[in-house]
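Visitor: Order-wise, the sequence lines are chains A and B.
For the first sequence, counting from 1, position 10 maps to 10 in my numbering; every step adds exactly one.
For the second sequence, counting from 1, position 24 maps to 24 in my numbering; every step adds exactly one.
Everything labelled a hint here was simulated from the structure, so no lab data went into it.
Misleading hints may appear alongside valid ones.
Intra- or inter-copy, both count: the list cannot distinguish identical chains.
Unchecked claim - For lysine-lysine, the following BS3-like pairs were computed, each having C-alpha atoms within a straight-line distance of at most 30 Å:
| hint | residue 1 | residue 2 |
| --- | --- | --- |
| 1 | LYS174 | LYS154 |
| 2 | LYS174 | LYS190 |
| 3 | LYS191 | LYS154 |
| 4 | LYS190 | LYS167 |
| 5 | LYS167 | LYS81 |
| 6 | LYS154 | LYS167 |
| 7 | LYS174 | LYS191 |
| 8 | LYS81 | LYS319 |
Number of protein chains: 2
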Amino acid sequence: MAVGRQPNELPQVLVLSPPAIFTSLESQFSIRFHMLKPWDSKLPLLQFLTSYAQSVPAMLVVPGDRLLVNSAILDCLPSLKLVVTTSAGVDHLDVAELRRRGVAIAYAGNLFSQDVADMAVGLLIDVLRNVSAGDRFVRLGLWPTQRDFPLALKLSGKQIGIVGLGKIGTEVAKRLEGFGCRISYNSRTKKPLVSYSYYSNVHELAANCEALIICCGLTAETRHMIDREVMVALGKDGVIINVGRGAIVDETELIRCLIQGEIRGAGLDVFENDPEIPKELFNLDNVVLSPHVAVLTTESMVGLTQLALGNLEAFFSNKPLVSPYVD
Amino acid sequence: MAVGRQPNELPQVLVLSPPAIFTSLESQFSIRFHMLKPWDSKLPLLQFLTSYAQSVPAMLVVPGDRLLVNSAILDCLPSLKLVVTTSAGVDHLDVAELRRRGVAIAYAGNLFSQDVADMAVGLLIDVLRNVSAGDRFVRLGLWPTQRDFPLALKLSGKQIGIVGLGKIGTEVAKRLEGFGCRISYNSRTKKPLVSYSYYSNVHELAANCEALIICCGLTAETRHMIDREVMVALGKDGVIINVGRGAIVDETELIRCLIQGEIRGAGLDVFENDPEIPKELFNLDNVVLSPHVAVLTTESMVGLTQLALGNLEAFFSNKPLVSPYVD
Numbered sequence: 001m002a003v004g005r006q007p008n009e010l011p012q013v014l015v016l017s018p019p020a021i022f023t024s025l026e027s028q029f030s031i032r033f034h035m036l037k038p039w040d041s042k043l044p045l046l047q048f049l050t051s052y053a054q055s056v057p058a059m060l061v062v063p064g065d066r067l068l069v070n071s072a073i074l075d076c077l078p079s080l081k082l083v084v085t086t087s088a089g090v091d092h093l094d095v096a097e098l099r100r101r102g103v104a105i106a107y108a109g110n111l112f113s114q115d116v117a118d119m120a121v122g123l124l125i126d127v128l129r130n131v132s133a134g135d136r137f138v139r140l141g142l143w144p145t146q147r148d149f150p151l152a153l154k155l156s157g158k159q160i161g162i163v164g165l166g167k168i169g170t171e172v173a174k175r176l177e178g179f180g181c182r183i184s185y186n187s188r189t190k191k192p193l194v195s196y197s198y199y200s201n202v203h204e205l206a207a208n209c210e211a212l213i214i215c216c217g218l219t220a221e222t223r224h225m226i227d228r229e230v231m232v233a234l235g236k237d238g239v240i241i242n243v244g245r246g247a248i249v250d251e252t253e254l255i256r257c258l259i260q261g262e263i264r265g266a267g268l269d270v271f272e273n274d275p276e277i278p279k280e281l282f283n284l285d286n287v288v289l290s291p292h293v294a295v296l297t298t299e300s301m302v303g304l305t306q307l308a309l310g311n312l313e314a315f316f317s318n319k320p321l322v323s324p325y326v327d
Numbered sequence: 001m002a003v004g005r006q007p008n009e010l011p012q013v014l015v016l017s018p019p020a021i022f023t024s025l026e027s028q029f030s031i032r033f034h035m036l037k038p039w040d041s042k043l044p045l046l047q048f049l050t051s052y053a054q055s056v057p058a059m060l061v062v063p064g065d066r067l068l069v070n071s072a073i074l075d076c077l078p079s080l081k082l083v084v085t086t087s088a089g090v091d092h093l094d095v096a097e098l099r100r101r102g103v104a105i106a107y108a109g110n111l112f113s114q115d116v117a118d119m120a121v122g123l124l125i126d127v128l129r130n131v132s133a134g135d136r137f138v139r140l141g142l143w144p145t146q147r148d149f150p151l152a153l154k155l156s157g158k159q160i161g162i163v164g165l166g167k168i169g170t171e172v173a174k175r176l177e178g179f180g181c182r183i184s185y186n187s188r189t190k191k192p193l194v195s196y197s198y199y200s201n202v203h204e205l206a207a208n209c210e211a212l213i214i215c216c217g218l219t220a221e222t223r224h225m226i227d228r229e230v231m232v233a234l235g236k237d238g239v240i241i242n243v244g245r246g247a248i249v250d251e252t253e254l255i256r257c258l259i260q261g262e263i264r265g266a267g268l269d270v271f272e273n274d275p276e277i278p279k280e281l282f283n284l285d286n287v288v289l290s291p292h293v294a295v296l297t298t299e300s301m302v303g304l305t306q307l308a309l310g311n312l313e314a315f316f317s318n319k320p321l322v323s324p325y326v327d
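Let's have the full structure, built from the sequences with the hints guiding it.
Guide: Structure follows, in structure tokens:
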């Protein structure tokens, strides 16, 4: 809509934190909007916002490094009416405070569900079948000399427990049915149209399955939900895959269980303090460590750019948001 | 049937090459059969066979290191009536020569199909989504400092070409349908009951898909079938997964295409000269190297032991073999 205008005539959009993933796609934003970039300034963030962002109506947030959109930031943005976040999770936003101030939220919605589900299944196969460990074994030149590479566990037919049967969990289940896996799940409420076995309690789910795949969001209720008791219930051949948020798992206990063989292994795309990872994990062959990239594919970045642009353009045209966040 | 007899009263079974994978299961054989183990002797193999195996009726073969059951070996085994091999492929057996001599063959049949299919899908996700490369990136401590981990490719919805739609290829297709992939295939003949797109020519298949998964056996016809022309047709975003046999792919050309970016990546469980691997592969981030373990799971080894025992017991009881190899 605004293509062709001079930058200072374009609608203002504040971008919070350098959008690394947008580097190659940034031009698509800057021809439509005047992008305010605090990281290009020498001023501290809050001072920059107070000086330059008083009239900014919309903000683009690319979550990272413990960024939290809180009252301190919002106090500097009195004209803010929209936050567009590029993630499916909103734990980096103070949603209640945004609601109170009448700021609308657009998010990535289900855009990443397939990619995250693909990664969850990839991590599960990797942990059970020692794929990364095998690759390491070969690259260390151990194959011709040291023939005792450990035996793997079979995936086909396994009983898999999905924690959080939302869009991602449902996509994971659909994929694992193709492997002949039996699916059970835990969520706040039983899904009426789903035939998988439901456990209202994650401890019971763990006791009745061979792998747990964590697909839920991080909330006060889910923080450290996967605790020692759940891991012990899962048992020594059990596997934990986490594509949700790091803090859903008690990481200290997870590391202890992995070292002591109380569970078989883990595949982790997220950690309690991304991108800092406890160094003890680096020496373990029974974990697969992924740098929080479950959502990152070339295809999803193109889709995300379109979605973020669509939300901003809808907002500035007084149309309904394309992907509004609803609690 | 023979449990309780003294070793020298038990039926004789020659074991060719140390059955590393049987180590923990060997006792199940040795209580039923008198196992002749050439590797326990200081004699060269052929001399051992000539000295001790003249009356041996059955042989267990665990394929490895370019072992070939050929005329030289068979000439030393005039009483041989059965070869039980523990693999699904029979390229380590001179099948024509065994047939000519009236030696029956039992093999692993479809026992490994699910495990191999699981591994094929795991390698495909790993290559597209950089799973092993991501694990390496994290373990090198690069995550917090070097944020430009390369973008992955999406799996969901991709057009996948399966080379060889036998039992393994069919299991791979079934799994990938759960990811919303579109399946096409190449095989000697079109399968009448299959709805996937058929290409009689592997070059055309490559030109019309984004990943090739090699699931066929190694024969004179399939040796180096995946040549430079096929790789170029697959294209620079194309991926090759090989869970068949190494020599189906022209490995020298594959390495060249990987280095020059003429294809995107490869996931390899097999190599032309297992367990020797060209060292150039070790420096590439766009390959996943697996030490020929697609069939190796705790569950498959238990199943394989049962199947091998079943074939040997059937043979010594004059009953039909459980899993005879049929050309």
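Visitor: Run every hint past the structure and note whether it holds.
Guide: Going through the hints against the structure:
1. LYS174 / LYS154: both (18 Å within a copy, 17 Å between copies)
2. LYS174 / LYS190: For LYS174 and LYS190, both the intra-copy (17 Å) and inter-copy (28 Å) Cα distances are at most 30 Å.
3. LYS191 / LYS154: Classified as both: same-chain Cα gap 29 Å, cross-chain 29 Å, threshold 30 Å.
4. LYS190 / LYS167: within (15 Å within a copy, 37 Å between copies)
5. LYS167 / LYS81: within (28 Å within a copy, 57 Å between copies)
6. LYS154 / LYS167: Result: close both inside a copy and across copies, 26 Å intra and 17 Å inter.
7. LYS174 / LYS191: both (15 Å within a copy, 26 Å between copies)
8. LYS81 / LYS319: within (14 Å within a copy, 80 Å between copies)
Of the hints listed earlier, there is not a single one the structure fails to meet.
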